[in-house]
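Protein chains: 2
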Amino acid sequence: MKNVIHAKCVKCGKTYEATPNLTNCECGGILDIVYDYDYIKKSLTKEKLKTRPNTMWRYRELLPVEETTPDTPLRVGWSPLYEADRLGELLGVKKLWIKDDGQNPTASLKDRASAMAVAKAKEAGAKIIACSSTGNAASSLAGNAAAAGLRTFIFVPERAPKGKVAQLMTFGANVISVQGNYEETFELSKKAIDKWGWYNRNAAINPYLSEGKKTVSLEIAEQLDWKMPDYLAISVGDGCTIAGVWKGLKDLYAIGFIDRLPRLISAQAEGCHPINRAIAENKPWEPMEENTLADSIAVGVPRNADKALMAIRESNGIVVNVTDEEIMAAQKLLGTTCGVFGEPAGVTGTAGLRKLCEQGVIGKNDTVVSVVTGNGLKDVANAIKFCGEPMKLPNDLDALVAEIDRRGLKTE
Amino acid sequence: MKNVIHAKCVKCGKTYEATPNLTNCECGGILDIVYDYDYIKKSLTKEKLKTRPNTMWRYRELLPVEETTPDTPLRVGWSPLYEADRLGELLGVKKLWIKDDGQNPTASLKDRASAMAVAKAKEAGAKIIACSSTGNAASSLAGNAAAAGLRTFIFVPERAPKGKVAQLMTFGANVISVQGNYEETFELSKKAIDKWGWYNRNAAINPYLSEGKKTVSLEIAEQLDWKMPDYLAISVGDGCTIAGVWKGLKDLYAIGFIDRLPRLISAQAEGCHPINRAIAENKPWEPMEENTLADSIAVGVPRNADKALMAIRESNGIVVNVTDEEIMAAQKLLGTTCGVFGEPAGVTGTAGLRKLCEQGVIGKNDTVVSVVTGNGLKDVANAIKFCGEPMKLPNDLDALVAEIDRRGLKTE
Chain X
156 MKNVIHAKCV
166 KCGKTYEATP
176 NLTNCECGGI
186 LDIVYDYDYI
196 KKSLTKEKLK
206 TRPNTMWRYR
216 ELLPVEETTP
226 DTPLRVGWSP
236 LYEADRLGEL
246 LGVKKLWIKD
256 DGQNPTASLK
266 DRASAMAVAK
276 AKEAGAKIIA
286 CSSTGNAASS
296 LAGNAAAAGL
306 RTFIFVPERA
316 PKGKVAQLMT
326 FGANVISVQG
336 NYEETFELSK
346 KAIDKWGWYN
356 RNAAINPYLS
366 EGKKTVSLEI
376 AEQLDWKMPD
386 YLAISVGDGC
396 TIAGVWKGLK
406 DLYAIGFIDR
416 LPRLISAQAE
426 GCHPINRAIA
436 ENKPWEPMEE
446 NTLADSIAVG
456 VPRNADKALM
466 AIRESNGIVV
476 NVTDEEIMAA
486 QKLLGTTCGV
496 FGEPAGVTGT
506 AGLRKLCEQG
516 VIGKNDTVVS
526 VVTGNGLKDV
536 ANAIKFCGEP
546 MKLPNDLDAL
556 VAEIDRRGLK
566 TE
Chain V
156 MKNVIHAKCV
166 KCGKTYEATP
176 NLTNCECGGI
186 LDIVYDYDYI
196 KKSLTKEKLK
206 TRPNTMWRYR
216 ELLPVEETTP
226 DTPLRVGWSP
236 LYEADRLGEL
246 LGVKKLWIKD
256 DGQNPTASLK
266 DRASAMAVAK
276 AKEAGAKIIA
286 CSSTGNAASS
296 LAGNAAAAGL
306 RTFIFVPERA
316 PKGKVAQLMT
326 FGANVISVQG
336 NYEETFELSK
346 KAIDKWGWYN
356 RNAAINPYLS
366 EGKKTVSLEI
376 AEQLDWKMPD
386 YLAISVGDGC
396 TIAGVWKGLK
406 DLYAIGFIDR
416 LPRLISAQAE
426 GCHPINRAIA
436 ENKPWEPMEE
446 NTLADSIAVG
456 VPRNADKALM
466 AIRESNGIVV
476 NVTDEEIMAA
486 QKLLGTTCGV
496 FGEPAGVTGT
506 AGLRKLCEQG
516 VIGKNDTVVS
526 VVTGNGLKDV
536 ANAIKFCGEP
546 MKLPNDLDAL
556 VAEIDRRGLK
566 TE
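Residue numbers (the numbering used here), protein chains in the order written: chain X, 156 to 567; chain V, 156 to 567.
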């Protein structure tokens with residue numbers, strides 16, 4: 156890879172050759188891919204991008220893949236960035252955009268990481284990719300691998316919801332339901348990966364995955380014609396996504412495509428916010444309970460805390476925690492004002508933004524992008540609990556008129 | 156609209172000025188929009204399309220909207236067309252493409268019709284759109300209208316699944332759950348629309364909706380660089396979609412963008428196939444029971460039968476009926492070979508294609524596009540029933556080795 160210098164441990168600084176099978180540093184720290192920005196500056200121009208495919212692979216010069224590695228088959232990335240004028244006005248900001256990353260093949264931002272895993276597995280000559288997860292990482296891996304003709308072994312804890320298992324089975328994954336908790340599931344996956352040498356799609360140890368995720372901020376910048384907002388709000392679970400977002404922004408700054416960096420807004424659930432607590436108290440992070448319905452960010456022991464904390468601090472970021480009620484209110488707000496249906500974890504960034512607006516931290520002079528990271532169809536059960544009841548009426552126009560009057564609904 | 160001549164009844168031939176609020180002909184027949192192809196030929200070129208937005212609105216010259224009518228806000232259309240080489244080989248055809256129209260904002264092809272309804276409602280100066288539906292028409296209307304700042308009144312029968320109602324409520328629709336069957340629901344919606352003059356999004360009487368749907372075949376043609384396949388397979392319910400698909404193809408032929416027309420494959424469920432029965436027996440269509448799990452095409456009384464039957468006949472089309480088991484097998488086949496997760500009705504076209512391949516009707520000299528019309532996340536319950544069980548194991552590598560052996564799974 157002419158554009159990559161090496162991989163470097165974010166903890167001890169040790170460097171490694173960027174081979175496809177890289178895992179953590181021997182010190183236990185996670186690795187970061189270091190690019191040759193001088194080389195990239197010479198080979199990539201804004202003009203060139205205009206003719207590229209509408210997928211994350213339009214940014215190949217900024218991605219850690221060989222020039223000969225093919226684009227992965229599913230259309231991952233280039234999700235829509237909506238001007239959300241009505242919502243922006245409601246919140247009281249100068250300008251607001253919503254990046255709807257639920258509009259990805261398996262309906263979450265995780266498709267970006269899984270597509271990268273598939274590309275690197277192909278480079279490694281692997282035929283099988285494995286991971287342990289019950290959520291969006293698993294379904295995105297299963298879908299992207301199936302499309303590319305790779306097989307998958309996916310380990311899920313026995314409590315995994317049937318719907319999610321069904322999605323994995325439909326994509327043809329070999330699904331192992333482990334009788335035990337998530338830790339035991341992870342252990343069995345590790346033993347199996349060691350035994351059979353499968354390619355490991357695990358954001359905790361695979362340094363390429365956040366490089367896939369960073370394409371979301373590359374896109375935001377390009378879709379805004381390289382004029383960056385003041386803030387970028389996103390939900391945070393294990394930290395890999397916000398770290399990737401920041402990496403993408405720094406890449407663009409380094410090659411001179413953007414001239415300023417937005418401040419990150421890290422939104423976590425009130426019931427599980429180890430990363431935000433570490434920032435707020437300026438201390439190392441410590442595990443927390445996982446008390447939130449936003450399952451995709453219910454991560455008490457974040458795997459990429461180091462990269463995430465660095466990203467938030469470097470950006471002079473803001474942290475904000477929101478209750479489950481605030482999360483579900485944001486889901487409805489995005490639905491009613493933008494026609495965007497996000498899963499609870501997916502709308503947590505917007506919930507956090509709203510709270511900061513109410514607190515006066517962010518206001519009428521500020522421009523903001525809020526990323527929705529997953530589709531609401533992934534978790535209809537919670538939407539049902541919070542969305543309210545429809546009008547229940549007989550086939551009788553008078554009854555309808557009366558009910559509409561009672562509710563004070565506008566009929567014109 | 157300089158590109159539209161008038162609207163013409165498909166039954167009696169009477170013509171009407173193409174005003175935004177058009178409904179059925181006074182004879183009861185459905186209207187068809189007639190274009191001025193000479194005008195369109197002069198204003199639209201293939202080259203021009205290359206710089207257009209990646210939405211259905213790239214084809215404005217072929218759409219019945221005023222030049223000043225703005226694009227609707229959500230990113231509807233320009234869904235991916237995948238080369239499905241592995242699936243094509245399995246089925247034994249020369250070349251197969253899958254158009255994944257579940258990759259739309261509210262996850263179905265119906266977004267194309269609802270975006271058109273929103274555009275026409277704006278032209279009509281309406282602030283409220285109404286429809287009666289429990290399915291994709293309702294959710295796509297609610298989402299597209301919310302994004303455009305229009306309000307909706309949506310009538311659903313009381314048996315409507317809670318998840319679907321939740322989606323509507325999240326988009327801020329005024330949802331009326333009618334104590335009665337679908338017919339009574341439709342009646343109350345009609346009375347309310349008459350009373351308050353709301354814009355009517357009902358594919359049975361609004362001639363613009365199939366014009367929105369036709370963008371799916373405009374896209375297929377452009378994505379194939381205007382080289383048409385031998386066949387185009389699609390599931391058929393009320394007939395509006397296949398009629399739209401055919402209209403789009405004829406448009407392109409009329410303006411010289413394509414030089415041949417594919418034959419349509421109309422796939423219906425064995426348990427509900429009034430349109431296919433009419434073709435097979437060469438008789439007028441008659442109502443049928445609705446015995447299929449593919450809810451979006453369980454239409455015993457098709458509302459657009461006339462247009463659909465004409466389309467199938469004109470294209471020298473093929474009809475094929477599939478059982479629910481064949482539908483669910485196609486769902487898994489698309490998942491495992493293409494990484495595409497479609498809802499049961501969405502994959503029925505592929506199920507039909509598979510059956511025709513097995514029967515030798517379609518084979519190794521044929522090229523085919525199969526359209527997946529909706530996302531599998533819309534109906535996870537049926538996927539759960541049919542996808543099979545995962546391996547259930549303790550955290551024990553030996554047990555995993557034994558189970559993998561027993562199942563004969565390849566581990567490399």
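Hints may contain errors.
Since the list can't tell identical chains apart, any single copy or any two copies may satisfy a pair.
Unchecked claim - In the DSSO-like style, the derived pairs of lysine-lysine whose C-alpha atoms are separated by at most 27 Å in a straight line are: (1) K317 / K540; (2) K565 / K317; (3) K547 / K346; (4) K250 / K317; (5) K540 / K250; (6) K169 / K487; (7) K487 / K317; (8) K346 / K157; (9) K201 / K487; (10) K345 / K540; (11) K565 / K166; (12) K205 / K317; (13) K382 / K205; (14) K169 / K519.
FYI, nobody ran anything at the bench for these hints, they're computed from the structure.
Against the structure, the hints come out as follows:
no.: 1; hint: K317 / K540; verdict: both (19 Å within a copy, 10 Å between copies)
no.: 2; hint: K565 / K317; verdict: between (41 Å within a copy, 25 Å between copies)
no.: 3; hint: K547 / K346; verdict: between (55 Å within a copy, 17 Å between copies)
no.: 4; hint: K250 / K317; verdict: neither (41 Å within a copy, 35 Å between copies)
no.: 5; hint: K540 / K250; verdict: neither (31 Å within a copy, 46 Å between copies)
no.: 6; hint: K169 / K487; verdict: neither (47 Å within a copy, 45 Å between copies)
no.: 7; hint: K487 / K317; verdict: both (26 Å within a copy, 16 Å between copies)
no.: 8; hint: K346 / K157; verdict: neither (34 Å within a copy, 68 Å between copies)
no.: 9; hint: K201 / K487; verdict: neither (37 Å within a copy, 41 Å between copies)
no.: 10; hint: K345 / K540; verdict: neither (37 Å within a copy, 30 Å between copies)
no.: 11; hint: K565 / K166; verdict: neither (59 Å within a copy, 38 Å between copies)
no.: 12; hint: K205 / K317; verdict: neither (42 Å within a copy, 43 Å between copies)
no.: 13; hint: K382 / K205; verdict: both (16 Å within a copy, 25 Å between copies)
no.: 14; hint: K169 / K519; verdict: neither (45 Å within a copy, 56 Å between copies)
In this structure, the earlier hints numbered 4, 5, 6, 8, 9, 10, 11, 12 and 14 are contradicted, and the remaining ones agree with it.
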